[in-house]
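Novice: Assemble the whole structure, with the sequences as input and the hints as a guide.
Read top to bottom, the protein sequences are chains F and L. Following this note's numbering, the numbering of the first sequence begins with 4 at its first residue and continues without gaps. Following this note's numbering, the numbering of the second sequence begins with 35 at its first residue and continues without gaps.
In case anyone wonders, no lab produced these hints; they're calculated from the structure. Please note: incorrect hints may appear among the correct ones.
[As the list claims (entries may be wrong)] When the alpha-carbon atoms are kept at most 27 Å apart in a straight line, the in silico DSSO-like pairs for lysine-lysine are as follows: (1) F:K123 x F:K145; (2) F:K207 x F:K20; (3) F:K20 x F:K145; (4) F:K145 x L:K348; (5) L:K348 x F:K20.
Remember, it's a predicted structure, so these values are computed and weren't measured experimentally.
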Amino acid sequence: MKAATAPAVAAFHVTKKFPGVIANEDVTFDVRVGEVHALLGENGAGKTTLSNILTGLYRPDEGWMEVAGIAVDFQSPRDAIHAGIGMVHQHFRLIPTFSVAENIALGTGHDPVGGRFDLKMIEERVVEISESFDLPVDPRAKIWQLSVGEQQRVEIIKVLYRDARVLIFDEPTAVLSPLESERLGATLQTMARSGRSIVFISHKLGEVASIADRVTVLRHGRSVQTTSENDVSALASLMVGRDVESVTRSSRAIAESSSRVGAVVLEIENLHAVGDRGLKALEGVSLDVRSGEIVGVAGVAGNGQRELVEILAGLRRAGSGSIRVEGESLENGSTRHPIRLGVSYVPQDRMGTGLAPDLTIAENMALKNFRRPPVARPPFIRQSVIDAQGRDLMEQFDVRAPSETTPTRRLSGGNVQKVLLAREMSGDPRVLVIASPSQGLDVGAVATVHRLLIDAAESGVGVLLVSEDLDEVLALSNRIAVMYEGRILDTFDRADADAQRIGLLMGGQLDVSA
Amino acid sequence: MSINDNLFVIIMASAIFYGTPLVFASLGELLAERSGVLNLGVEGMMLLGAVAAAWVSTNVDGPAIVVLPLAIVAAMIAAGLGASIHAFLTITLRVNQIISGLALTIFAGAAGLSSYLAGIWQLGQTPVKQQFGKIDVLGLSGVPVVGPILFHQTLLTYLSWVLVIAASFYLFRTRAGLHLRAVGESPQTADSVGISVSRYRYFHVIFGGSFAGIAGACFSLMIVPTWVDGMTAGQGWIALALVIFGFWRPDLTLLGAYLFGALSSLGLTLQARGIHISTALLSALPYVMTIVVLVIVSNTASRKQLGAPAALGKPYEREER
Numbered sequence: 004m005k006a007a008t009a010p011a012v013a014a015f016h017v018t019k020k021f022p023g024v025i026a027n028e029d030v031t032f033d034v035r036v037g038e039v040h041a042l043l044g045e046n047g048a049g050k051t052t053l054s055n056i057l058t059g060l061y062r063p064d065e066g067w068m069e070v071a072g073i074a075v076d077f078q079s080p081r082d083a084i085h086a087g088i089g090m091v092h093q094h095f096r097l098i099p100t101f102s103v104a105e106n107i108a109l110g111t112g113h114d115p116v117g118g119r120f121d122l123k124m125i126e127e128r129v130v131e132i133s134e135s136f137d138l139p140v141d142p143r144a145k146i147w148q149l150s151v152g153e154q155q156r157v158e159i160i161k162v163l164y165r166d167a168r169v170l171i172f173d174e175p176t177a178v179l180s181p182l183e184s185e186r187l188g189a190t191l192q193t194m195a196r197s198g199r200s201i202v203f204i205s206h207k208l209g210e211v212a213s214i215a216d217r218v219t220v221l222r223h224g225r226s227v228q229t230t231s232e233n234d235v236s237a238l239a240s241l242m243v244g245r246d247v248e249s250v251t252r253s254s255r256a257i258a259e260s261s262s263r264v265g266a267v268v269l270e271i272e273n274l275h276a277v278g279d280r281g282l283k284a285l286e287g288v289s290l291d292v293r294s295g296e297i298v299g300v301a302g303v304a305g306n307g308q309r310e311l312v313e314i315l316a317g318l319r320r321a322g323s324g325s326i327r328v329e330g331e332s333l334e335n336g337s338t339r340h341p342i343r344l345g346v347s348y349v350p351q352d353r354m355g356t357g358l359a360p361d362l363t364i365a366e367n368m369a370l371k372n373f374r375r376p377p378v379a380r381p382p383f384i385r386q387s388v389i390d391a392q393g394r395d396l397m398e399q400f401d402v403r404a405p406s407e408t409t410p411t412r413r414l415s416g417g418n419v420q421k422v423l424l425a426r427e428m429s430g431d432p433r434v435l436v437i438a439s440p441s442q443g444l445d446v447g448a449v450a451t452v453h454r455l456l457i458d459a460a461e462s463g464v465g466v467l468l469v470s471e472d473l474d475e476v477l478a479l480s481n482r483i484a485v486m487y488e489g490r491i492l493d494t495f496d497r498a499d500a501d502a503q504r505i506g507l508l509m510g511g512q513l514d515v516s517a
Numbered sequence: 035m036s037i038n039d040n041l042f043v044i045i046m047a048s049a050i051f052y053g054t055p056l057v058f059a060s061l062g063e064l065l066a067e068r069s070g071v072l073n074l075g076v077e078g079m080m081l082l083g084a085v086a087a088a089w090v091s092t093n094v095d096g097p098a099i100v101v102l103p104l105a106i107v108a109a110m111i112a113a114g115l116g117a118s119i120h121a122f123l124t125i126t127l128r129v130n131q132i133i134s135g136l137a138l139t140i141f142a143g144a145a146g147l148s149s150y151l152a153g154i155w156q157l158g159q160t161p162v163k164q165q166f167g168k169i170d171v172l173g174l175s176g177v178p179v180v181g182p183i184l185f186h187q188t189l190l191t192y193l194s195w196v197l198v199i200a201a202s203f204y205l206f207r208t209r210a211g212l213h214l215r216a217v218g219e220s221p222q223t224a225d226s227v228g229i230s231v232s233r234y235r236y237f238h239v240i241f242g243g244s245f246a247g248i249a250g251a252c253f254s255l256m257i258v259p260t261w262v263d264g265m266t267a268g269q270g271w272i273a274l275a276l277v278i279f280g281f282w283r284p285d286l287t288l289l290g291a292y293l294f295g296a297l298s299s300l301g302l303t304l305q306a307r308g309i310h311i312s313t314a315l316l317s318a319l320p321y322v323m324t325i326v327v328l329v330i331v332s333n334t335a336s337r338k339q340l341g342a343p344a345a346l347g348k349p350y351e352r353e354e355r
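Specialist: This is the structure:
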């Protein structure tokens, strides 16, 4: 019965090129009515481009699409919406100053010229949808007042409000706690059972395996295979194209290294701070990092992690509280003082905050030691020393680029991260603060970066690893702190850490000691 | 001495009179900025409107009821054409909005196109033939206090009130207004739900620009009333500050315009009363005030809190990756 019906949406031999990149090449993909179909692939494999083609944002250079067996040619997102295809974007397309109902109504319907539109009717319809799909949200709340999880529910309702039959979810769990992700998975299956079709884009193997009916694997812009496989390691090799090596420290290695940790190098005490919007971002954070250990801070994005690392790097002023590095307290809001005390910082926004994209690799590597000899010979700097230092560090950290004078903006994500780590690890740091070290990197680069972090700890640096990726935190850390709404809810030794419990804490569930 | 000769009443009445062009100009700029396009060409567009209106009023024969609306339409078209240059440059070609707007003011403004046109049309040697005079609405102009302030103004003032109310309704009560605000807040979002970003931007930049034309006509047909080179005297810049001052809301912008109108008229009014304060000082007041407003709101954080459209000044391009 199912097999007889045409797929809800299908793309045939689709190719899309951008200047210098082939984002999609000869991709064929279809979603049946009532199924959850996952698009699996690494960053840059072409998942987002394909979904943008399906939703009419891009037009394919070659190939064609069919909706319910009929050929279509989308000129704009409007056409795709009319054809019943809706997208839940990874970066929400919501207007913070508008209410939930206003955001949902945006772009729909037509009122008589000069007439006012009926917000009340829209609100009623929103409540109706939110009740029938278990997506609770207050239609009158303003978007900026909502949590990330709630905002995502608004995005989903927005698509359902337009009567979409095909819903495309672009990395929907990236911003959710494990508990919320699980709930979302159930919602997706409910929607599929109600006769809708779900495209679920992800690079998280476990989720794909548990939620999807079928999986299409994309690699380097091509569709590798469509399969009902739900074995994680088989999917992993399909995604990467080879067997995956990943760096995890065995629990024994971690226990062993834990026995070698030294004195406290970083002491954070009762730190308070406000965020960009003037709301409280940190409410009494206390945390120690010892020499030779990796302390992982787990948490869903937006719970104060960014503010915490920015304060440690001096990029943001703390409201109150104290930070000491090897006993010496850090000046509030100075970026030079942490550098002098040996605090290294690898930000999440590597190209924006971490590096100057138009400067060369060697120059970027010298950004922290250009004040001191041998680079400095006041009032001048020595370009030849900078370049020589760059060459050395490139070799040491395995940075792959044509030369040390290549501008960093031309590097791939993994090499960018290595340039940053090279700069931050050289010059004998005492503390390394690193945020989302593997975000946006391919599997090979992730392994290298993890290796470097372990080496750093083993050489006696205290590493503070802040990451939204719980698996990464669990794989590397000696101790794990869980951050939620500006507080550290709990801290665990790796040996006592239980992924389930940490996952619940990340969602703010405190009373789960049972 | 009647109560209507009271200094307060006179200042209030002239605040509205002198504030009227500011209402038009800032309302137009507000519409453009709500769509995400900053147009620093207000001053230039006002002068284009002023010269077009002066030409019609000087050269077209006929009763006032025909000539004056025609002059207003001409002013709107002239300024709208100026705005369409800005729209094409910033929306289609994605030129920096500040540079394009400044270029428009330099091109069209004092010692630019408006002066050139006035020169070849030989305007400014005599007063315009038809002008907007104060009218007595429903015979209420004699009512104590409110009479001279509210019921003894020119038709242009009443037109501005209608437009302010219409714009408020449009922005906050209609779907098109919601879409306009969405385009100004987040063009990506608007585009993703099928709203045409460039159509909304073009329309509001050009239509908003035509309001600056009416503002210019206020000078050449009502306040002065003849053509004088550079007669808007920087009021276009004040209008820009007023949009911020009014938190991008038509009603508050109107109040701001009258506050500045009061400052503009203070010198004349006080002088007429024989109160001697340096006129140079008094006529500098609105500009000083403008600088103060701009300094207060110039840092990005406070601009966000004031409610500036989040995408203001940013060109929108879809196929970015």
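Novice: Now tell me if each hint is right for this structure.
Specialist: Here is how each hint holds up against the structure:
no. : hint            : verdict
1   : F:K123 x F:K145 : holds (15 Å)
2   : F:K207 x F:K20  : holds (26 Å)
3   : F:K20 x F:K145  : violated (38 Å)
4   : F:K145 x L:K348 : holds (24 Å)
5   : L:K348 x F:K20  : holds (26 Å)
In this structure, the one hint that does not hold is number 3.
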